[in-house]
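Listed here are the chains, written in short residue letters.
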Amino acid sequence: MIYSSELLKGTLKTIILKLLADNKKMYGYEMTQMVKNISQDRIQITEGSLYPLLHILEREGFVTTKNEYIGKRLRKYYSLSHDGKKETKEKVKEMTDFMSTMAQLLSIKIKTI
Amino acid sequence: MYTLTEEQIDYIRNKIEIEGIESEGLKSSLLDHICCLIENKFTYDQNFESVVNEIITQFYKTGLRGIESDIALLINFKNSNVMKFLLTLTGLISSALFLTGSFFKIINWQEPATICIYLAFIIAIIVLLPLLGIVKAKERKLNSEKLLIYCGTVVGILYLISMFLLLKHSSLASELWLITLFISLFVFTPAFYFTGIKKPGLKFNTSIITILIVVFIGIQFSLTNLRQKKDDDLKLPIAQSIKVISKH
Chain A
1 MIYSSELLKG TLKTIILKLL ADNKKMYGYE MTQMVKNISQ DRIQITEGSL
51 YPLLHILERE GFVTTKNEYI GKRLRKYYSL SHDGKKETKE KVKEMTDFMS
101 TMAQLLSIKI KTI
Chain B
1001 MYTLTEEQID YIRNKIEIEG IESEGLKSSL LDHICCLIEN KFTYDQNFES
1051 VVNEIITQFY KTGLRGIESD IALLINFKNS NVMKFLLTLT GLISSALFLT
1101 GSFFKIINWQ EPATICIYLA FIIAIIVLLP LLGIVKAKER KLNSEKLLIY
1151 CGTVVGILYL ISMFLLLKHS SLASELWLIT LFISLFVFTP AFYFTGIKKP
1201 GLKFNTSIIT ILIVVFIGIQ FSLTNLRQKK DDDLKLPIAQ SIKVISKH
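Going down the list, the sequences are from chains A and B.
All the letters of the first sequence, read from the start, carry residue numbers 1 to 113 under the working numbering.
All the letters of the second sequence, read from the start, carry residue numbers 1001 to 1248 under the working numbering.
Hints are computed from structural coordinates only; laboratory data are not their basis.
Quick caveat: nothing in here was measured; it's all calculated off a predicted structure.
Each residue gets a CB set at the ideal place from its N, CA and C atoms; glycine is no exception.
Please note that the accuracy of each hint is not assured.
Unchecked claim - To give an idea of the chain B side of the interface with chain A (calculated C-beta under 8 angstroms), a few residues:
| hint | residue |
| --- | --- |
| 1 | Ser-1028 |
| 2 | Leu-1031 |
| 3 | Phe-1059 |
| 4 | Tyr-1060 |
To be verified - Distance condition first, Cα-Cα at most 20 angstroms in a straight line; then the derived SDA-like pairs of lysine to any residue:
| hint | chain 1 | residue 1 | chain 2 | residue 2 |
| --- | --- | --- | --- | --- |
| 5 | A | Lys-36 | B | Asn-1040 |
| 6 | B | Lys-1078 | A | Thr-11 |
| 7 | A | Lys-9 | B | Tyr-1060 |
| 8 | B | Lys-1027 | A | Thr-11 |
| 9 | A | Lys-13 | B | Ile-1038 |
| 10 | A | Lys-72 | B | Asn-1081 |
| 11 | A | Lys-72 | B | Lys-1078 |
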């Protein structure tokens, strides 16, 4: 089952920041594939939402970029900045609180996949 | 894993450019992303061009240009948030300075009072009102509405400048004040009325606010220009009586 985009709205920033925190540097395609694999195909990040987010994260100073040539094409690697690491901690904490509140509200126990 | 030829990479690059992407950074990111997708999923029996077209359609419903538009929208949203914060901050500083200045004036602490009031006027004229105009105009879609907001901002700035000059007893104050009243009454008020009256839900509010604006302009006019004239009329007989008394 693929989760609806409505449900995923607002979680993308946290997902990307956490991915970058767990991996030193990543490029766009790699991120989409890793999310797909970890979530067992239940979360599919669209390119239309990934690139605007990465652009904003770079603009806000949460990620830094480094370009590398792969043959004839340029690959942009993203990694977390110092501020980005702090933001990730805050976002993950916020998400954990939110999930436990939702669990209480819906009277459910969260299963780990 | 499929390996793309240089011609195929150029084809994808051209395709991205035809789609209308302007940012070089986004162009290269999308090129790499599409190349990765093809390298990992493309099989030799498929038609390369149709696969590229299919991938591009999956990226964004309205074409790749939509991604760039989304980035611009997000940047504008962030900028407007910064502007709103600045607007609140300068509004608070300006009001605090006006209040403090007035309090100092009451307790006859003249110099600090003048500094506070002058600063308040300067902040309101240079930062607060122009910023308010920009933020409010950005929220409107129609050009006529944007123009109305800019007109209102200009009137507000002129009003504050004339008040500031009045406080400094400048000779330009009354001329500027008359210009402000003229623009408010004959340009801004009719424009405000005719823009608002066209909208069915705003008819009543527009009429009431228009009446209030006219009443406010009338009161301001009678408080400044008429009162000034009356004071001048009174001064003349007093001066004449002083002359008569001195002759005797």
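Structure-based check of each hint:
1. With a least beta-carbon distance of about 4 angstroms to chain A, the hint placing B:Ser-1028 at the interface is held under the 8 angstroms criterion.
2. A least Cβ separation of about 5 angstroms between B:Leu-1031 and chain A falls short of the 8 angstroms threshold, and the interface hint therefore holds.
3. Look at B:Phe-1059: its Cβ gets to within about 4 angstroms of chain A, closer than 8 angstroms, so that hint holds up.
4. The criterion of a C-beta within 8 angstroms of any C-beta in chain A is met by B:Tyr-1060, whose closest approach is roughly 4 angstroms, and the hint holds.
5. For the hint pairing A:Lys-36 with B:Asn-1040, the CA-to-CA distance comes to about 14 angstroms; that is within 20 angstroms, so the pair holds.
6. The hinted pair formed by B:Lys-1078 and A:Thr-11 meets the criterion: a straight-line CA distance of about 18 angstroms does not exceed 20 angstroms.
7. Annotation: proposed proximity of A:Lys-9 to B:Tyr-1060 holds, straight-line Cα distance about 16 angstroms (limit 20 angstroms).
8. A distance of roughly 26 angstroms separates the Cα atoms of B:Lys-1027 and A:Thr-11; the hinted pair therefore is violated under the 20 angstroms criterion.
9. Restraint check for A:Lys-13 and B:Ile-1038: not satisfied, since their Cα atoms lie roughly 26 angstroms apart, outside the 20 angstroms limit.
10. For the proposed pair A:Lys-72 and B:Asn-1081, the alpha carbon gap of about 40 angstroms is over 20 angstroms, so the pair is violated.
11. With a CA separation close to 35 angstroms, the supplied pair A:Lys-72 and B:Lys-1078 exceeds the 20 angstroms bound.
Checked against the numbered hints listed earlier, the structure breaks hints 8, 9, 10, 11; every other hint is satisfied.
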